[in-house]
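Protein chains: 2
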Amino acid sequence: MKAGENQTLLTDLYQLTMAQAYFRAQRAASATFSLFIRSYPPERGYFVSAGLQDVLDYLESLSFDAAEIDFLDSQKIFFPDFLNHLAKLRFTGQVWAIPEGQILFTDEPVIEVTAPIIEAQIVETFIINQIHLQSLIATKAARCVHAAGGRTVVDFALRRTHGIDAGMKVARASYLAGFAGTSNVKAGQRYGIPLVGTMAHSFVSSFEREIDAFRAYAATFPANAILLIDTYDTIAGAKNAVQVGREMAQRGQKLLGVRLDSGDMAALSVEVRRILDDEGLTEVKIIGSGGLDEFELAQLTAANAPFDSYGVGTKMGVSADQPWSDIAYKLVEYDARPVLKLSTGKSSWPGRKQLFRVKDSRGQAQGDTIGLRDEELPGERLLTKVMHDGKRMAGYPSLPELREIFVREFAALPESVRALRQPSRFPVEFSAKLKSLREQLAEKTR
Amino acid sequence: MKAGENQTLLTDLYQLTMAQAYFRAQRAASATFSLFIRSYPPERGYFVSAGLQDVLDYLESLSFDAAEIDFLDSQKIFFPDFLNHLAKLRFTGQVWAIPEGQILFTDEPVIEVTAPIIEAQIVETFIINQIHLQSLIATKAARCVHAAGGRTVVDFALRRTHGIDAGMKVARASYLAGFAGTSNVKAGQRYGIPLVGTMAHSFVSSFEREIDAFRAYAATFPANAILLIDTYDTIAGAKNAVQVGREMAQRGQKLLGVRLDSGDMAALSVEVRRILDDEGLTEVKIIGSGGLDEFELAQLTAANAPFDSYGVGTKMGVSADQPWSDIAYKLVEYDARPVLKLSTGKSSWPGRKQLFRVKDSRGQAQGDTIGLRDEELPGERLLTKVMHDGKRMAGYPSLPELREIFVREFAALPESVRALRQPSRFPVEFSAKLKSLREQLAEKTR
Chain A
1 MKAGENQTLL
11 TDLYQLTMAQ
21 AYFRAQRAAS
31 ATFSLFIRSY
41 PPERGYFVSA
51 GLQDVLDYLE
61 SLSFDAAEID
71 FLDSQKIFFP
81 DFLNHLAKLR
91 FTGQVWAIPE
101 GQILFTDEPV
111 IEVTAPIIEA
121 QIVETFIINQ
131 IHLQSLIATK
141 AARCVHAAGG
151 RTVVDFALRR
161 THGIDAGMKV
171 ARASYLAGFA
181 GTSNVKAGQR
191 YGIPLVGTMA
201 HSFVSSFERE
211 IDAFRAYAAT
221 FPANAILLID
231 TYDTIAGAKN
241 AVQVGREMAQ
251 RGQKLLGVRL
261 DSGDMAALSV
271 EVRRILDDEG
281 LTEVKIIGSG
291 GLDEFELAQL
301 TAANAPFDSY
311 GVGTKMGVSA
321 DQPWSDIAYK
331 LVEYDARPVL
341 KLSTGKSSWP
351 GRKQLFRVKD
361 SRGQAQGDTI
371 GLRDEELPGE
381 RLLTKVMHDG
391 KRMAGYPSLP
401 ELREIFVREF
411 AALPESVRAL
421 RQPSRFPVEF
431 SAKLKSLREQ
441 LAEKTR
Chain B
1 MKAGENQTLL
11 TDLYQLTMAQ
21 AYFRAQRAAS
31 ATFSLFIRSY
41 PPERGYFVSA
51 GLQDVLDYLE
61 SLSFDAAEID
71 FLDSQKIFFP
81 DFLNHLAKLR
91 FTGQVWAIPE
101 GQILFTDEPV
111 IEVTAPIIEA
121 QIVETFIINQ
131 IHLQSLIATK
141 AARCVHAAGG
151 RTVVDFALRR
161 THGIDAGMKV
171 ARASYLAGFA
181 GTSNVKAGQR
191 YGIPLVGTMA
201 HSFVSSFERE
211 IDAFRAYAAT
221 FPANAILLID
231 TYDTIAGAKN
241 AVQVGREMAQ
251 RGQKLLGVRL
261 DSGDMAALSV
271 EVRRILDDEG
281 LTEVKIIGSG
291 GLDEFELAQL
301 TAANAPFDSY
311 GVGTKMGVSA
321 DQPWSDIAYK
331 LVEYDARPVL
341 KLSTGKSSWP
351 GRKQLFRVKD
361 SRGQAQGDTI
371 GLRDEELPGE
381 RLLTKVMHDG
391 KRMAGYPSLP
401 ELREIFVREF
411 AALPESVRAL
421 RQPSRFPVEF
431 SAKLKSLREQ
441 LAEKTR
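As they're listed, the protein sequences go chains A and B. Residues 1 to 446 in the working numbering are what the first sequence spells out, letter by letter. Residues 1 to 446 in the working numbering are what the second sequence spells out, letter by letter.
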């Protein structure tokens, strides 16, 4: 967004035309919408929930400003009484949600919004937009962390995320799902995420000789220099780094690391490690980057490549193998009447819901049941009330706390469900009550 | 971004650490960076340039605010003299670029930035971010328009674009590349893009009977009602729409259209057209949506499916088959010395450049030559100066003018290059001077 610009028009036109039709037909009753993911993309066995904080910020501050109302008026399709209604509109509803960092599966309610139907309707676009992006990226990032087998992973994606907002949310979502830091300085400022990064090829090539670039950098950052060694030739670069590392040692300083960004990463890392170790630079770390994703990380882990950490960029930041998920926000109740949709391949489950997860005595997740909100079923109830009458509940977890939720819940997953390829399906069932409600409604609708 | 938040920290940390190393080493000479796309993703034969306007806005307003400087100071890696330098820093450089809406190919310079190296370096992240996203989407959108064979295509992507900024830029880039409108109301307000959209399944399912929903909508929008007919059963929905269309006709009104969003689109559109025509509703339009992309549009076009227009969402908005491109911003000259990078698979071409496009007498593009900026070669010179000493040149084209550039330049492309699958390669060569400069430098570097 442009600085200072109001965001309430960040919605689809049909939300506002429908709102006007509800308004003119005097349909103002309470509606519940449920947000869920319809299906697993290939190679996905779980999702990581993220984005709720931005949704709550948005709902709490929702209001049309004068410029927005004037713009709508200029479209010549809205009546003055409806525009007056919009000008005064605030979000006054209730929101139930599972926490950010929690693991979820298809069909499971992530967020349920209950509010007068106009309010609950016009917020659809923004809510889907933020939960879709952040959960997509948190899921991709969790896969990368898992694949890296204990090595540190940091976010280098900002330059190729889809725009600025994505750059910020990718930094946050990947940190939520176990990344250790980000190169995105604004994300460091806004979210308190640790910052990482040292030099690019341009720095090296701006000097006539690579070693001069390394020396200049080490002189400025004697405590935390990581030298990029592949601008011309990785092995020659490693030898130049060794030379500078030796010079630093003579000054009582320590070269922190070297970075490899191209070529045969597994083979080069072994060779570079040997070159460093041969000169006694055993503490100098090797950082890998350049087009990495969870599949390449898993290969490097399997090969036991001697990297200490990885910078993961574009393919994580756009979730390259699966850049979208089939997420939907569907009306499940209107005026206390459960409703459903039967469109081919896109049918929905009626009613307000709760999600129950059963764990064994060791804390391992055994299975989920999607039930109605007021059911009493075995297991932990994962949806909690996070907003009441348009005001968020106290005690929203901090980002470090959300990271702990992720670590705990990810550890509770069966390894077969966490697999990078062809994961097995975590058992999710619908309660008997919910199944019978749906059957009943489908019957009636047909 | 949050409202009012400054954007200058939207950069990678290494831009700032390199900047400090340049500063401490008193390297302040002029540098030129060149932005280009390294390779064609599968199924791509051309790219559409987009995003320059945001880059110029950014460069013109670049400055660190006090909160940003304080935050950098808190990182304990920056010296006070450098932070003072940053606090006063503005972008004072020269920018050459090809226009938005222009067609381009791999290796071709899209933007060249010449400025004191610190300025030219720290803007890298934002420039890549915006040009990458907008060119990616403009290219995907151009493919959709081409595939639709003359039918109108509009943007429905906002809910699943990667964040808010992407939602805005997708609306703009797709409109630039021939889309007729967007559902994104904010994009209508900011960019003047025509708005489209009517109703969702939730509107239908909030009523007990589909026909009541249609009647309520038609009562509110007697001049522009488009009824969504697949909530329960498309054929039954079409019959309900016919009923409402008849009632509207009796009131002297006209049903504008119906929308299909699921199922076998080609078969259903034929059947729905017949149902409408049988009742004399021959002017009622049929709009198709639901997971469409250029490949499905091409199938519907080939089948001559009787759609009048299409709403294209997620797969265009995230460029689903190719959600990123291998775009780079590389140092090509420092202190009047041409430079290059030789990293495996990522080597660059040295020097400031110009792009020459030869067209035949009918205006058809024949081939491009990438040369040095001061060369005189046959063809139209595609890069022009768009910013001088940090101020943009007058006369930046309006969005409608940029749309005309796209239409003209796309029409000039050989059909084989525009093909959706396995396009042929447009001839692009490097000038003899550029090749010899590169050879000379590579020799010297090795």
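Treat the hints loosely; a few may be bogus.
Quick partial rundown of chain A residues pointing at chain B, CB under 7 Å, derived from the structure [said to hold, decoys possible]:
#, residue
1, T17
2, M18
3, A21
4, R24
5, Q26
6, S30
7, L83
8, Q189
9, G192
10, F203
11, S206
12, Y217
13, Q322
14, P323
15, A328
Quick caveat, the hints were computed from the structure, so don't treat them as lab data. If you're wondering where the values come from, they're calculated on a predicted model, not measured in any experiment. In this text, a Cβ means the ideal position worked out from N, Cα and C, and glycines have one as well.
Hint check results:
With its C-beta approaching chain B no nearer than about 6 Å, T17/A sits inside the 7 Å limit, and its interface hint holds. This hint holds: M18/A has a C-beta 5 Å from the nearest C-beta of chain B, less than the 7 Å allowed. Checking A21/A against chain B by beta carbon gives a least distance of about 4 Å; that is within 7 Å, so the hint holds. The beta carbon of R24/A is positioned within 7 Å of a beta carbon in chain B (closest approach about 5 Å), and the interface hint is therefore held.
Hint on Q26/A is violated. Least Cβ distance to chain B is approximately 10 Å, over the 7 Å limit. Violation of the interface hint for S30/A is found here, the shortest Cβ-Cβ separation to chain B being roughly 11 Å, above the 7 Å cut-off. Because the closest C-beta pair between L83/A and chain B is about 13 Å apart, greater than 7 Å, the hint is violated. With 7 Å as the threshold, the beta carbon of Q189/A comes within range of chain B, its nearest partner Cβ sitting at about 4 Å, so the hint holds.
Residue-level restraint check for G192/A is violated (minimum Cβ-Cβ distance to chain B is 10 Å; threshold 7 Å). Because the smallest distance between the Cβ of F203/A and any Cβ of chain B comes to about 5 Å, under 7 Å, the interface hint for this residue holds. With a least beta-carbon distance of about 4 Å to chain B, the hint placing S206/A at the interface is held under the 7 Å criterion. Hint status for Y217/A relative to chain B: holds, with the closest Cβ pair at about 5 Å, below 7 Å.
Contact between Q322/A and chain B, as hinted, is not supported at the beta carbon level, the nearest pair being about 9 Å apart and thus beyond 7 Å. The beta carbon of P323/A comes within 4 Å of a beta carbon in chain B, closer than 7 Å, and the hint placing it at the interface holds. Given hint, A328/A at the interface with chain B, is violated; its Cβ is 9 Å from that chain's nearest Cβ, farther than 7 Å.
Violation of the numbered hints given earlier is confined to hints 5, 6, 7, 9, 13 and 15; the remaining hints are satisfied by the structure.
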